[in-house]
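Here the protein sequences line up with chains A, B and C, keeping their order.
Take 1 as the starting number for the first sequence in this note's numbering and just add one per residue.
Take 1 as the starting number for the second sequence in this note's numbering and just add one per residue.
Take 1 as the starting number for the third sequence in this note's numbering and just add one per residue.
Just so you know, these hints were derived from the structure itself, not from any lab.
Here the structure is a predicted model, which means the values were calculated and not measured.
Ideal Cβ placement from N, Cα and C applies to all residues, glycine included.
Here's a subset of chain A near chain B, in silico, CB distances under 10 Å, partners left out:
| id | residue |
| --- | --- |
| 1 | Asp14 |
| 2 | Ala27 |
| 3 | Gly56 |
| 4 | Ser57 |
Heads up, simulated DSS-like pairs for lysine-lysine below, C-alpha to C-alpha not over 25 Å straight-line:
| id | chain 1 | residue 1 | chain 2 | residue 2 |
| --- | --- | --- | --- | --- |
| 5 | B | Lys338 | C | Lys136 |
| 6 | B | Lys285 | B | Lys315 |
| 7 | B | Lys2 | B | Lys29 |
| 8 | A | Lys136 | A | Lys104 |
| 9 | C | Lys136 | B | Lys335 |
| 10 | A | Lys104 | A | Lys47 |
Here is what each chain is made of, one letter per residue.
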Amino acid sequence: MSFFSRSPWILHYDGSSCNGCDIEVLACLTPLYDVERFGVINTGNPKHADILLVTGSVNERNIEIVRNLYRQMPDPKVVVAVGACACSGGIFARAYNVQGGIDKVIPVDVYVPGCAARPESIIDGVVQGIAALEAKQRMTA
Amino acid sequence: MKRTTIPFGPQHPVLPEPLVLDLILEDEKVIDAIPTIGYIHRGLEALVESVEYTEFGYVVERICGICSFMHGMGYAVAMEEIMAVEVPERARWLRLIWAEMSRIHSHLLWLGLGADAFGFENLFMHCWRTREEVLDIFEKTTGGRIIFSVNRIGGVRRDISDTELAAIVTKLQQLGASFTETARIFETDPSIRHRLSGVGILSREDAHAVDAVGPMARASGIRMDTRLTGTHLYDRLDFEPVLETAGDCLARVVVRVREISQSIDLIRQAVDRMPKAEGAPIEVKVRGLPTGEVFERLEQPRGEVVYYIKANGTKYLERFRARTPTFANIPAMIKLVKGCDLADVPNIIMTIDPCISCTER
Amino acid sequence: MDGTAFLARVEQYHRDGWRLALINVTTVLPAASAAHGAPGAHGAHGAEAPAGEAPAGEAPAGEAAAVAALPMGGPGVFEIAWGFARDREFETIREQIEAGTTVPSISEFFGAAFLYENEIRELFGINVTGIGVDLKGQLYKTSTRVPFSHAAVKARLAALAAAPVKPS
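Chain A on its own, in the form it takes in the complex (with noise of 0.2 Å):
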């Protein structure tokens, strides 16, 4: 079966992110970076993906939402906080209305630094959660 498991099917949820690492994440599925290449597919529905992209931090009316996203998802499944708010609120970290990074809400496997986290290092944490992916798949085999 190994030749079915390199292609994650990724849903990206933008919390209350400044757009910068949206749009590079979209950055990565276009020409010049291309992430599909490693057969990686960006969908719009939480019960196709195996790994949940998130960018921004959590606020309170957000907070449900991340929730439910990641409810939805078919274990196993990994989650990549991408940019320095998913990760620990970042530069608005002490905003009246920001509770955190990701992690607050639900596990996280994999942070990528960065404001805004740049594509390579996006691929990269990617890369690195398909790794976690098969961790677990192994463990629930």
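Fit chains B and C to the known structure of chain A by using the hints.
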């Protein structure tokens, strides 16, 4: 007829950012749309309480990762006005050049997303491929792709050599030439026309009544552009805003397509007209604490942004407020959505070029 | 504020072809409690926060009554500026109001005002009457309720005074 309420968003395939519209439908027609925002609301305006004014520019830049240069520039310009700082001319020219490059990259980004929304993925890829060339120039001149931090109160941090400026103009003109084919598809392709022409028409009167700004207003024939005020050296360039009169989704696309070549031309003019003064000062040291207040206006890719800053003689500002272009265009969007078909909602929302993180701050 | 005179001025701007550029509210803190006093003496962020500045804490529970019960952020003054633009010109109408005062909506003349006015009501707790599209407190949802009310701002400043942020 039975009414149905359909929630649109926050996680939706055409939306890169979370926005919620409760669409109230009768059959396939949208009767009303109720916006809910706050998914990206961080409350960064309150950060003035704990971030010193010298560092607050980094927060302002991160209002939005697409217009980050313009936000940084707006903050710097506003603070310079409060503190009565005379900024070196070269720094002002460099700001103008970077600002116009931001417009090119932002419009390319949006045209790509717009194409994706109306189902033309090939065009999406082409626009974003072209955009990477602009980002390369940004990275070479500022060190960043998204967040540049090149503005500072009193000037800019980095100079661009005169030879490099000439090379940038050449590169952008080549980009403009290779973009003509993509531009032609946007303006003439029958499938795009079929999808966008006559959809979401905002008349000139309505555009004025809902206080639309930027390409949204210009696509409805309103000659409105903050660059016309001549501030930030635009008075030294030959500039006439791109206008369209149809006011539909296609007109909004066409305005942005043409503004790309216009911005390339503005950068050429700027490089021609700025003094060849490589090595001239690009910033002045700013000392002291600011007192006073200012309203500052700037033309971002999405339209007019208004900043209000009030300083009270301490290290911390008393109030920072940004009214971003999307905030001003949301009433127009709601007006357009009412009465349209459900299937046209994504296109209408996309053609206002919404930037939600700007809107909510 | 004189609501009738104010609306008459707004109507004049509307008739003269101005457009609404922004509505801004500033939470005005009394000099003593803000401690944004003399240059250099940045009391509230240092150790010497004025006495009697206990954090006001979260507003009481009861989300439903969120917007109706006013004033919720304690007494104080807000400065509201309505900014209008026409080509190169930019003018403002300024009013200082006590918390708890109602402010008339201008959405009758400037339809786009509804977004600003809903925002002001939710973030500052100022009761704006007659908003064209009343979103009933559903526009934002914030961890601190009414985050720019006097109580909330004072609570944040007091928290900062207790645990100052180290300059980076």
